[in-house]
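For the sequence shown, counting from 1, position 124 maps to 124 in my numbering; every step adds exactly one.
Keeping only pairs whose Cα atoms sit at most 27 Å apart, straight-line, the calculated DSS-like set for lysine-lysine is: (1) 2 x 50; (2) 247 x 227; (3) 219 x 32; (4) 2 x 187; (5) 91 x 219; (6) 20 x 214; (7) 50 x 147; (8) 2 x 193; (9) 2 x 152; (10) 219 x 20; (11) 32 x 187; (12) 66 x 20; (13) 195 x 50; (14) 66 x 197; (15) 202 x 214; (16) 16 x 91; (17) 66 x 195; (18) 193 x 32; (19) 99 x 214; (20) 152 x 50; (21) 91 x 214; (22) 91 x 32; (23) 2 x 195; (24) 202 x 50; (25) 187 x 50; (26) 32 x 16; (27) 202 x 99; (28) 187 x 66; (29) 202 x 32; (30) 32 x 197; (31) 66 x 32; (32) 219 x 66; (33) 196 x 66; (34) 147 x 2; (35) 2 x 197; (36) 66 x 99; (37) 66 x 202; (38) 99 x 2; (39) 227 x 20.
Because the hints were derived from the structure by calculation, they are not lab data.
Everything numeric in this text was worked out from a predicted model, so none of it was measured.
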Amino acid sequence: MKALVAVKRVIDYNVKVRVKADNSGVDLSNTKMSINPFDEIAVEEAVRLKEAGVIDEIIVASIGPKESQEQIRAALALGADRGVLVVSDEKPYPLQVAKILKSIAEAESTDIILLGKQAIDDDNNQTGQMLAALMGIGQGTFASEVKVEGDKVNVTREIDGGLQTVALDLPAVITTDLRLNEPRYAKLPNIMKAKKKPLDEKTPADFGVDMTSKQEIIKVVPPADRKAGITVGSVDELVDKLRNEAKVI
Numbered sequence: 001m002k003a004l005v006a007v008k009r010v011i012d013y014n015v016k017v018r019v020k021a022d023n024s025g026v027d028l029s030n031t032k033m034s035i036n037p038f039d040e041i042a043v044e045e046a047v048r049l050k051e052a053g054v055i056d057e058i059i060v061a062s063i064g065p066k067e068s069q070e071q072i073r074a075a076l077a078l079g080a081d082r083g084v085l086v087v088s089d090e091k092p093y094p095l096q097v098a099k100i101l102k103s104i105a106e107a108e109s110t111d112i113i114l115l116g117k118q119a120i121d122d123d124n125n126q127t128g129q130m131l132a133a134l135m136g137i138g139q140g141t142f143a144s145e146v147k148v149e150g151d152k153v154n155v156t157r158e159i160d161g162g163l164q165t166v167a168l169d170l171p172a173v174i175t176t177d178l179r180l181n182e183p184r185y186a187k188l189p190n191i192m193k194a195k196k197k198p199l200d201e202k203t204p205a206d207f208g209v210d211m212t213s214k215q216e217i218i219k220v221v222p223p224a225d226r227k228a229g230i231t232v233g234s235v236d237e238l239v240d241k242l243r244n245e246a247k248v249i
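Given only the sequences and the hints, what does the whole structure look like? Please build it.
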């Protein structure tokens, strides 16, 4: 059984984002980049399934600049077997990514496709759903638990009313949520081994995908500055500040 895991290169979540002076986008110069945290959870889940004897091979794919090989190598160090980098200097959008992943998944005859529920840079939450629709297969989104049983997979997902479990025939697309697992740290020997694992480079043209954007980013602005909160010494002081300063009561 094969698993395909999609990972995206994003600004590390611990880094404070800087907006370009002309408001055309985010300044990436001298900025630490990492695997999208939700995708890292997808990698961890695939590795756990492999350790449990469910999956035989894990393929990691990324669509983005050539530097995205760093994130693929990081996933290989966590336990994936080989990588596919689709090099594109154009910003990839969900539908374009889904089309490329569809081609890779079908060429590799993968049984499980894992990816984060969303990327922390765009927060689109679209790629997994589009991929499942393009392939005509089932999808289990926002997964908090994954259990493979034969040719089916049970995906438990958190919803407003509690927990919902869906049973899907394989192949299937699964998007991962934060509660699914806690990703491991790569050990130094595995980091060294990852440098020798296979990594194929492709282009969007190899999959017949046009990367021309159908969207235009008009303006990017940082969030408005807010005053820091204060500690009050008593309920009376709190009421006084709410009444006389905040004027909310």
